[in-house]
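Chemist: So you can see what is in the structure, the chains are spelled out below.
2 protein chains.
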Amino acid sequence: MISQEFIKNLIVKNNNKIILMVLDGVGGIPNKLGKTEIETAYAPNFDFITRNSITGIADPVSMGITPGSGPGHLSIFGYDPIKYIIGRGILAALGIDFPLKQGDIAVRGNFATLDSANKILDRRAGRIPTEHCKKLTEMIQNKIKKIYDTEIFIEPVMDYRFVTIFRGADLSDKLTDTDPQATGVAPLKCNFLDAKAKKSAKIVNEFIEKANSIIKDQHPANGLLLRGFSSYPEIKPMTEIYGLKPAAIATYPMYKGLAKLVGMDILDVGSTDIMDELKTLKENYDKYDFFYFHIKKTDTYGEDGNFDAKVRLIEEVDEKIVPEILKLNPTVLTITCDHSTPAIMKQHSFHGVPFVLFSPYARPDRTEYFSEREIGTKGGLGRFEAKNEIVLMLAHSLKLKKFGA
Amino acid sequence: MISQEFIKNLIVKNNNKIILMVLDGVGGIPNKLGKTEIETAYAPNFDFITRNSITGIADPVSMGITPGSGPGHLSIFGYDPIKYIIGRGILAALGIDFPLKQGDIAVRGNFATLDSANKILDRRAGRIPTEHCKKLTEMIQNKIKKIYDTEIFIEPVMDYRFVTIFRGADLSDKLTDTDPQATGVAPLKCNFLDAKAKKSAKIVNEFIEKANSIIKDQHPANGLLLRGFSSYPEIKPMTEIYGLKPAAIATYPMYKGLAKLVGMDILDVGSTDIMDELKTLKENYDKYDFFYFHIKKTDTYGEDGNFDAKVRLIEEVDEKIVPEILKLNPTVLTITCDHSTPAIMKQHSFHGVPFVLFSPYARPDRTEYFSEREIGTKGGLGRFEAKNEIVLMLAHSLKLKKFGA
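Keeping their order, the protein sequence lines are chains A and B. When you line the first sequence up against the numbering used here, it's residues -15 to 389, in that order. When you line the second sequence up against the numbering used here, it's residues -15 to 389, in that order.
In case anyone wonders, no lab produced these hints; they're calculated from the structure. Do not rely on the hints blindly, as some may be mistaken.
[Claimed, not checked] Straight-line C-alpha distance at most 30 Å; calculated DSSO-like pairs for lysine-lysine:
| id | chain 1 | residue 1 | chain 2 | residue 2 |
| --- | --- | --- | --- | --- |
| 1 | A | K158 | B | K311 |
| 2 | B | K19 | A | K362 |
| 3 | B | K386 | A | K16 |
| 4 | B | K220 | A | K67 |
| 5 | A | K330 | B | K220 |
| 6 | A | K173 | B | K(-3) |
| 7 | A | K158 | B | K385 |
| 8 | B | K385 | A | K173 |
| 9 | A | K330 | B | K311 |
In isolation and in its complexed conformation, chain A is listed as follows:
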């Protein structure tokens, strides 16, 4: 991929619209009938688009690498996913829509059961329900607001899991986990891996000590384990690098968080209904020139192993969403995903993802319908790295000038 700096020097601003539709995890592998989810779906509108597009199979990170949602999305947004690492703690905070700031350190936490000798009996405190978790985080938050100059935020996530954010001067995420990931041993002290993280380690250890004493009588959740300290990454916004005015239409917190990370405005959809996402797109169409339009449940059904539901959702998007988007007549409509989630495998996978770019300025290839293998065999872009996608979208919306004379 060409560097962001290189692209930045070629940017031309115009009002041509780019719609990036991410059908999360839509890529698959064949079922017993020999067809992937996409191939099984009756999707005449996706077929029409594919037939008139330039297409290819993209590797979100690199051949053979299974991407998480973070790297999968960053590469589509034009950020090298190996350079811009989103730590687990940050992703957890993004996932609950916590308003992170530059410099924040976030860490994932478990409520755990400790015995009288401070040994871990259960790393998940009997999997207490979210409501119980919320009660515990509130108890702690009420008594701990700040340690030295550093603000502390503790928020429930789900079941026994919570997230803690540290906000203060000179914090570092070069810290070791306190979760030993084993039972029968005591929680670990947080240690610093770099002299600059000494202050952070001290604050973390004081936080744990205080929090443990607050919940010490709350058996089975009478202790805290922290893992995955990470800092909010320094990422230049898409506006600065790519000259875009970008907006995100997504219904799940993590994706909104990822979009915010690259400087998108997050539009309020008001529900998790894809028809409300469409409505949001229409209502805001004049205000932006780049729309990240995220469909979550293709991935959810893939992870559930629900091949048929994934197929039906593709069909529903094809029937209800795609024609309406075509009516908006964007200069670029891209259909792709952040990673494959084959229902057969019930998890994210390493398989290349379909990429379809529909534009009056595209040179369509020989693909005749929407299918990973049709695209893989006849796609004009061949097999390529997903971080090139933003450049293709900018190019086809005429937002890049000529390089050299």
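Keeping the supplied structure of chain A fixed, place chain B upon it in accordance with the hints.
Modeler: Using the frame of chain A, we list chain B on its own:
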């Protein structure tokens, strides 16, 4: 390619088996009938595998580069062949199965004919036979065991060629050849290219002086010429980088040497018969999770220009070996080669090589039979660099976890 360090952090150990079948030099170009060796062979089992695999054409080093066996294999094994250079001396020593150690310096040698004024009359000493060469190396070895602290090993290779290994402290291969590659001039002194190689140059020059005096009456082979000083490369074993327990099934010394270089166990086949290779695979199948299965003679017949023999060998492997390997039911079976050796060209070539990966977790592409051009046109991996192959093999055997959350 993603870095080895990156992959290392994603490794998950399991007992899923990977069989990597390298049909040395099997790739070809069409003969007068318009078919390559692979295309000419009747190989229904290879066809079956190809039809149900993800495939592509790989460049072992880079487009247009003809690889030697060293770089060709290293890239398949997951080592960047441009970064890990196997010097000629080292390759020669591996080729005669010399037990090299870290720190060794090896160099290729010719016995040559010198005149009374020490000028080279014949760089190859009238191409003396191997037996004569062996007699000379023994004469020298009997009188020279050590120079200062450095052990000297001199071993015959073939005809007038031998190899010398220097084993001692602080040796360096930053040395110039003594072979001027011309006649009518005197052999060159070995010079050091780096201050750290000063000791090595001194040892080499003393070795040559002593050896020359030992064989001075052995006309026509009365002098030594050395070229290609190289040190045993520092390569982290596959076990450390890729978490594999790898074994090599190969019958020729150079390939065993290359496998040993990357930390494989070398299994004793006991003959050069491919049926004994199969037997060895079966007998050791439970003990390893990665098998490098090398078929040598496809390359030999290619170099001989024997198109038909190459075709027949492909058919033989298809008939006798492939069905038995399929019965073992490995999670990944890869069919590829380290470079093409078109019989038409009688040498290694720069043509892309077929890569076929058969696995229950593969997304098969549109290829219908085993053919360089079928794969090149319809292969789902497109054209790619061979150093990605190890990542694909690890991915399809579920030995890599997700990158990022």
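Chemist: It remains to establish, for every hint, whether it holds in the given structure.
Modeler: Here is what the structure says about each hint:
Restraint check for A/K158 and B/K311: not satisfied, since their Cα atoms lie roughly 50 Å apart, outside the 30 Å limit. Between B/K19 and A/K362 the alpha-carbon distance is near 24 Å, which keeps this suggested pair within the 30 Å criterion. At roughly 25 Å between alpha-carbon atoms, B/K386 and A/K16 fall within 30 Å of each other, so this suggested pair holds. Using a Cα cut-off of 30 Å, the hinted pair B/K220 and A/K67 holds, with the two alpha carbons roughly 24 Å apart.
About 34 Å separates the Cα atoms of A/K330 and B/K220, which puts this hinted pair outside 30 Å; it is violated. Proximity of A/K173 to B/K(-3) is assessed by CA-CA distance (about 29 Å); at most 30 Å being required, the pair is judged to hold. Restraint check for A/K158 and B/K385: the C-alpha separation of about 23 Å stays at or below 30 Å, so the hint holds. With a C-alpha separation of about 27 Å, the suggested pair B/K385 and A/K173 falls inside the 30 Å cut-off, and the hint holds.
Distance hint between A/K330 and B/K311 is fulfilled; the C-alpha atoms sit about 27 Å from each other, no more than 30 Å.
The earlier numbered hints that this structure contradicts are 1 and 5.
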